[in-house]
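A.B. asks: Those sequence lines, one after another, are chains A and B.
32 is the number of the first residue of the first sequence in our numbering; add one for each residue after it.
-17 is the number of the first residue of the second sequence in our numbering; add one for each residue after it.
FYI, nobody ran anything at the bench for these hints, they're computed from the structure.
Misleading hints may appear alongside valid ones.
Stated by the list, open to error - Here are the computed distance ranges between Cβ atoms for each label pair: (1) A:Ser154 <-> B:Glu436: 15 to 21 Å; (2) B:Arg69 <-> A:His395: 41 to 47 Å; (3) B:Pro49 <-> A:Arg71: 22 to 28 Å; (4) A:Ala361 <-> B:Ala414: 54 to 60 Å; (5) B:His362 <-> A:Ala231: 44 to 50 Å; (6) B:Glu145 <-> A:Glu78: 32 to 38 Å; (7) B:Ala245 <-> A:Arg405: 49 to 55 Å; (8) B:Pro227 <-> A:Ala361: 51 to 57 Å; (9) A:Glu373 <-> B:Pro195: 53 to 59 Å; (10) A:Ala231 <-> B:Pro57: 53 to 59 Å; (11) B:Pro227 <-> A:Glu401: 37 to 43 Å; (12) B:Ile415 <-> A:Pro120: 53 to 59 Å; (13) A:Ala231 <-> B:Ala245: 46 to 52 Å.
We put the beta carbon where it would ideally sit given N, CA and C, even for glycine.
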Amino acid sequence: MAQQTLRQRLEILADAAKYDASCASSGTARKHSLGGLKGRGGIGSTEGMGICHAYAPDGRCISLLKILLTNHCIFDCHYCINRKSANTPRARFTPPEVVALTLDFYRRNYIEGLFLSSGIVKSADHTMEQLVEVARSLREEHDFRGYIHLKTIPEADPELIHQAGLYADRLSINVELPTRAGLARLAPDKNEARIEQAMAHTGTRITEAREARRRFRHAPRFAPAGQSTQMIIGADGASDAAIIGKARRLYDNFGLRRVYYSAFSPIPDASAVLPLQRPPLLREHRLYQSDWLMRFYGFAPEEVAAAAGADGNLPLDIDPKLAWALQFRAHFPVDINRAPREMLLRVPGLGTRAVARILSVRRHRRLRLEDVARLTTSLAKVRPFIATSDWRPTMLTDRADLRQLLTPRAQQLELFG
Amino acid sequence: MTAMGKAGFGAHYAVHLPAPDDFEFWRARARALVQAEVPPDRVSWVEPGATGDLFAGGAARGSARLPQPLADAPPVRASQRFLAIARSAALNRDPARFALLYQVLWRLQRQPRLMEDSADPEVRRLEQLAKAVRRDAHKMHAFVRFREVEEADGTAHFVAWFEPDHHILRAEAGFFMRRFANMRWSILTPRGSIHWDGETMREGPPARREDAPGDDPVEALWRSYYASIFNPARLKVGAMLSEMPRKYWKNLPEAALIPGLVATAQARAAAMVAAGTRSERPRPSSLAELAQGIAACRDCPIAACGTRAVAGEGPPRARLMILGEQPGDQEDIAGRPFVGPAGQLLDQYLEAAGIARGAAYVTNAVKHFKFVARGRQRLHQSPTAKEIDTCRWWLEAERALVRPRIVLALGASAARALLGKTVSVTRARGRAIALEDGAELWVTLHPSYLLRLEGEARARQAALFAQDLALVRARLEAA
């Protein structure tokens, strides 16, 4: 084959990386590039909030240079475009090439940093060494202080994963599929126990480093933006309720920062073992919404599951919070002027910020319906579920057609990538 | 609002700001005016170059002498929250912003906790002004695009052209300084420019687009990246537009690609789906139906070779399933599995091991014969992993009907059809592997392998084959 140009390889290795949904660059330690060891300062900063430098026409945020070091792989996972048996063009970068590309993009303000992953070549350890080398060179040779996310390989030596955490802001290990049977069938080379063991190990290191820094200011940081994972949705038979339960266990057991859900998407040269029907993208969106309900709205996984239908799947036409409210109407209307925060958070259409504003206003005076209208984006959605000093929804929560009244006609857009 | 009287007996005051983003100047004047008890309806705030000042003439005549604070005036009260919001809102390009700020400051003197009332229309408006400024700043952090130029002294200089909506340039200089500390850079805008040389920040006059460089070779790579990271199967233009509105596109090198990517996305996604298409059909409910089904199947290219599909044979409830790779030349002619040379060899070894072929269900991982024509000969071709995976649907239907307790896989292709991954026969043989449905899988070599060996090598492999079959025989007796 003719020598591939840098640009051709970038196309292959970015294309190969795009099925990983994670793009966040937020929530890491604050860093800036003024001063430092070399006197004239380094390059790069992270100021808490992530920045999306562009959006692709798929609505996803482009925050990091998300590429693979190589898409050669000795594994044969059926949902993956890079599996050994796929007929896809292959390419590889050397670590110095990735370093140069990251810096060239960063200096032009295209990106917040690098998200580097790789197919497994030779061995898990060899591949992990290469990933760590890129991060080391960026940090030590180029004084790069931007964001680095490294995908870690569960089969690699824990010492290599430890080194990765010293350079990276975030580490991630993909659980890939919500069920063990799904993993055995679709990712026959992977092993659930091994993946969870690596996640537990990384989680422990993150906690230890955080505690050490509380006592010693100069203790080394270890993945200050925590660890995340990704699950592929719709490739095995797992229901939404099962997926939500699995996500909760992952959050609780391994202290994960984020679980990403990725509706498996048609890929070139797809494996014949995958189901024929791709799941609706809206299903992925509903899962993110329920993830939010658990993390920010005080919902237990069983409560979210209770909003699901008999088949364990969330309704696609309305969001899970509304589905829950329609299911448990006895909790409504919620008195905006009296209800505790936990109950205000249960009102469909009231977000965490609107609830904070209501609590703040309420210290001074009683709220009327028009006040609520100014604090929320859609009064129509909120109104059937609340009471204010001048409003009570008589009958409304008893109406059988309430669901129809509240079902949005146009489809809602995905909120993030 | 009742006028407080004393100051100027109803006179009107105009305050001329030296710069549209000079919050500290506004703050000093506003404090003095509050302490002089000048109500909001008697002050107008004038930006440099503004034309909308109704009282400009009057202010000029009165030479804009502002009243002195009253000697016994109480200190001006403003909450932390007000200051935080006001600092941002003051940068909004809305000409009414300073008047609104003064109005809210005036009310704060009597309602010190006014800022907590987000439902108050004026507080809400102020929050909205501040929010628009914060969003503009955020978009500036995101969408500034530097282009590299080489200066006369050989050093690199990174220059960007950007058009913010609000007066945020000076306020955001710090962000870029903290981020690009060791770079020499400039940001040029229609309202002014800032320059950083690695040590100091300098302000400059307004600039024009032509003052910035027109291209940078790295942009070609960036555009390639942008096009490649886009997944055409998930087109969501609305979501993109809400975060990256069209007004920013003209300064984003990647945005020129968007129309083309959107236009071809559906065709690209459809092509991917079509390439992976297999006909959707219900699972066969009998072996006869299955035989009809495989005869009509065209899910993989092998079926187009013009050969016939060879169905499995044996008792429909056999406890043992023997799985080969694919029918060969003879099998294709006869329409039955394992009747050629490899089949005859298999029969010998089964007999020697004490396994009755007639009691086993014998079938193949791939149902059609794959070959290349060499003159009159048809030469066997191994099926690809993808072809095995495609045909696995039929094998699973077959296993669900026969429900064997033990499956004997002959060769790596058969093992892949059952395990979904390619395993080495040497490593997988000699032990039971549990299958999803509870059956036991035993892997051994394919008898055609023995046909290709000679002498001592053949004898060694034949012994191993016999040994594997003996293990299966023992399991059959135990089960």
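A.B. asks: Indicate, hint by hint, whether the structure satisfies it.
C.D. replies: Structure-based check of each hint:
1. A:Ser154 <-> B:Glu436: 15 to 21 Å: 36 Å, violated
2. B:Arg69 <-> A:His395: 41 to 47 Å: Cβ of Arg69 (chain B) to Cβ of His395 (chain A): about 24 Å, so the range 41 to 47 Å is violated.
3. B:Pro49 <-> A:Arg71: 22 to 28 Å: 51 Å, violated
4. A:Ala361 <-> B:Ala414: 54 to 60 Å: 55 Å, holds
5. B:His362 <-> A:Ala231: 44 to 50 Å: 49 Å, holds
6. B:Glu145 <-> A:Glu78: 32 to 38 Å: 23 Å, violated
7. B:Ala245 <-> A:Arg405: 49 to 55 Å: 41 Å, violated
8. B:Pro227 <-> A:Ala361: 51 to 57 Å: 43 Å, violated
9. A:Glu373 <-> B:Pro195: 53 to 59 Å: Since Glu373 (chain A) and Pro195 (chain B) have Cβ atoms about 55 Å apart, the given range 53 to 59 Å holds.
10. A:Ala231 <-> B:Pro57: 53 to 59 Å: This hint holds: roughly 57 Å between Cβ atoms.
11. B:Pro227 <-> A:Glu401: 37 to 43 Å: 30 Å, violated
12. B:Ile415 <-> A:Pro120: 53 to 59 Å: 34 Å, violated
13. A:Ala231 <-> B:Ala245: 46 to 52 Å: 47 Å, holds
When each numbered hint is compared with the structure, violations occur for hints 1, 2, 3, 6, 7, 8, 11 and 12.
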